[in-house]
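**Student:** Please build the complete structure, drawing on both the sequences and the hints.
Here the protein sequences line up with chains U, S, D and V, keeping their order.
Start counting the first sequence at 1; every next residue gets the next number (our numbering).
Start counting the second sequence at 1; every next residue gets the next number (our numbering).
Start counting the third sequence at 1; every next residue gets the next number (our numbering).
Start counting the fourth sequence at 1; every next residue gets the next number (our numbering).
Treat the hints as calculated values from the structure; they're not laboratory data.
All C-beta atoms, glycine included, are put in the ideal place defined by N, C-alpha and C.
Be a bit skeptical, because a hint or two may be false.
As the list claims (entries may be wrong) - Partner residues are not named here, just some residues of chain V that face chain S (Cβ under 10 Å, in silico): (1) D12; (2) V24; (3) T26; (4) F54; (5) S57; (6) T58; (7) L60; (8) G61; (9) V64; (10) E84; (11) R85; (12) K88; (13) I89; (14) T93; (15) G94; (16) E107.
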Amino acid sequence: MDLAELHLPRSVAYVGLARSIVASAARLAGLGGDRLEDLKIAVSESATHAVTAAQRDAEPLVLAFGPHEGAFEVHVLSPEPARRDPAVEALREWPDEGGLGLTLVEGLADAVLFPDSAHHQMVLRFDLPARTDVPEQARRSSGAPR
Amino acid sequence: MDLAELHLPRSVAYVGLARSIVASAARLAGLGGDRLEDLKIAVSESATHAVTAAQRDAEPLVLAFGPHEGAFEVHVLSPEPARRDPAVEALREWPDEGGLGLTLVEGLADAVLFPDSAHHQMVLRFDLPARTDVPEQARRSSGAPR
Amino acid sequence: MELTLNHRKEGDRTVLEVGGEVDVYTAPKLREKLVELVGEGHYHIVVDMTKVEFLDSTGLGVLVGGLKRVRSHDGNLALVCNQERILKIFRITGLTKVFPIHETLDEALQDA
Amino acid sequence: MELTLNHRKEGDRTVLEVGGEVDVYTAPKLREKLVELVGEGHYHIVVDMTKVEFLDSTGLGVLVGGLKRVRSHDGNLALVCNQERILKIFRITGLTKVFPIHETLDEALQDA
Ligand SMILES: Nc1ncnc2c1ncn2[C@@H]1O[C@H](COP(=O)(O)OP(=O)(O)O)[C@@H](O)[C@H]1O
Ligand SMILES: Nc1ncnc2c1ncn2[C@@H]1O[C@H](COP(=O)(O)OP(=O)(O)O)[C@@H](O)[C@H]1O
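**Tutor:** The structure is reproduced here in structure tokens:
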């Protein structure tokens with residue numbers, strides 16, 4: 001599984017760049033139309049979570065992505081997923097509205113996996129259309145060459 | 001200078017993904033139309049050079065990019081820039097046609113810099129239109145937030 | 001794409017036109033605007049999202065916050081949205097039951 | 001975007017239609033095709049690049065190689081290209097002086 005990796009400064013200013021870059025890779029991999037919009041929102045949620053949950057903004061936000069086993073996958077490493085940063089928490093005006101982000105991700109992706117049991121990593125999967133529909137090079141050049 | 005970094009497997013299959021991702025970041029940063037096409041070609045040349053000049057394909061191809069001092073910059077680390085890999089050289093049918101790549105990069109970018117004297121790194125600069133023409137968030141979200 | 005915010009009075013309603021991308025980076029501007037409007041006594045707000053190009057849960061949270069704010073003044077907050085991709089995220093999160101959502105601004109303004 | 005290659009005879013010329021992206025990943029297919037055509041005795045080739053969406057120096061190198069190949073058989077290789085962004089890279093590299101470049105296929109076929 002040869003994924004592309006995007007490293008961004010861990011700042012809310014880069015969440016827009018994250019979703020737009022991952023979407024352009026997904027388009028090359030054969031994801032189209034509405035599914036690209038779904039992917040953009042799901043990536044935005046995961047990146048927002050990873051950025052705002054971080055205790056230190058020194059380490060970059062890392063997203064790994066590419067086609068894998070029939071789906072376009074996005075891997076997001078989320079620091080400190082279980083605990084909430086009190087500083088971020090203090091900014092929340094509506095703590096009782098929590099959970100919208102994860103609800104959206106689960107509603108939009110075809111699958112959401114947490115490969116490590118501590119939930120430090122989140123994998124979003126968006127099923128790709130059958131291979132015959134996708135230009136061959138586009139698929140290869142946006143991820144695993146074979 | 002907070003650049004985004006793209007890490008790709010060092011394979012010719014990923015050069016297309018590299019140019020398309022860097023172009024989508026440049027578009028967000030305010031680069032438009034023909035200049036995006038120029039950038040795509042220049043990035044393709046640099047990435048091709050970095051991939052084919054590598055002695056080992058273990059290390060990833062790394063491109064760093066973002067707006068900086070009025071231009072959209074792309075930094076490409078090129079392993080072994082001076083020496084030619086004999087294996088790659090043997091594949092060349094037209095050794096006397098060498099130099100097309102660097103000629104194109106220099107003809108298409110507004111500036112090409114080699115910050116280290118050993119030429120291991122190449123920086124391509126594409127001037128961005130005056131700030132007033134560019135949507136504010138697009139600029140920020142594709143690179144240096146301030 | 002920058003977030004754009006423009007408001008105007010339409011009878012007893014205040015129409016807030018939102019354009020561009022609403023995410024964790026731009027949402028604070030939308031929140032400030034809603035806080036400001038309510039602070040100035042605008043309690044009957046119609047948020048026109050026809051020109052919104054991106055919205056995620058951070059934006060949803062800000063809209064929910066706006067709703068709570070106007071309700072604490074016996075006001076209301078309605079939405080105008082005709083884009084399927086944006087309606088979808090209101091449906092997934094169950095917020096279609098929380099906000100009155102209209103297809104056109106006229107429909108929203110005619111609603112009692 | 002995959003590289004597409006289709007050839008046909010037009011009188012004494014062979015027209016090779018190239019579509020999609022020609023870069024370091026796809027160029028070997030174009031080179032093989034040119035080697036194959038010359039091997040089969042096609043020495044008067046018109047490469048129609050109207051549908052090319054991307055071309056960089058690797059592609060230029062393959063075209064130069066094709067030109068050398070047909071010339072060693074007293075043949076020729078002409079190009080059809082009407083896209084400014086692609087003509088530009090021929091100009092920058094000085095290859096407009098090396099290849100006959102035509103705006104349309106008709107023009108290329110009428111050229112002696
Ligand atoms: N990308 C992620 N990786 C791991 N855990 C996550 C991720 N996103 C959300 N969570 C967890 O799911 C819970 C709800 O998060 P979220 O839906 O973002 O809530 P909110 O809407 O309150 O920000 C939190 O405990 C959070 O830690
Ligand atoms: N991105 C780069 N970084 C450093 N040196 C480069 C780069 N691209 C080309 N060069 C150097 O410039 C020379 C010409 O390279 P290039 O134009 O790619 O030649 P060719 O067309 O023969 O592949 C070579 O010596 C190469 O090492």
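**Student:** Does each hint fit the structure? Answer for all of them.
**Tutor:** Here's how the hints hold up against the structure:
no.: 1; hint: D12; verdict: 26 Å, violated
no.: 2; hint: V24; verdict: 4 Å, holds
no.: 3; hint: T26; verdict: 8 Å, holds
no.: 4; hint: F54; verdict: 7 Å, holds
no.: 5; hint: S57; verdict: 4 Å, holds
no.: 6; hint: T58; verdict: 6 Å, holds
no.: 7; hint: L60; verdict: 5 Å, holds
no.: 8; hint: G61; verdict: 6 Å, holds
no.: 9; hint: V64; verdict: 5 Å, holds
no.: 10; hint: E84; verdict: 8 Å, holds
no.: 11; hint: R85; verdict: 5 Å, holds
no.: 12; hint: K88; verdict: 8 Å, holds
no.: 13; hint: I89; verdict: 6 Å, holds
no.: 14; hint: T93; verdict: 5 Å, holds
no.: 15; hint: G94; verdict: 8 Å, holds
no.: 16; hint: E107; verdict: 24 Å, violated
In terms of the numbered hints stated before, the structure departs from hints 1 and 16, listed from lowest to highest.
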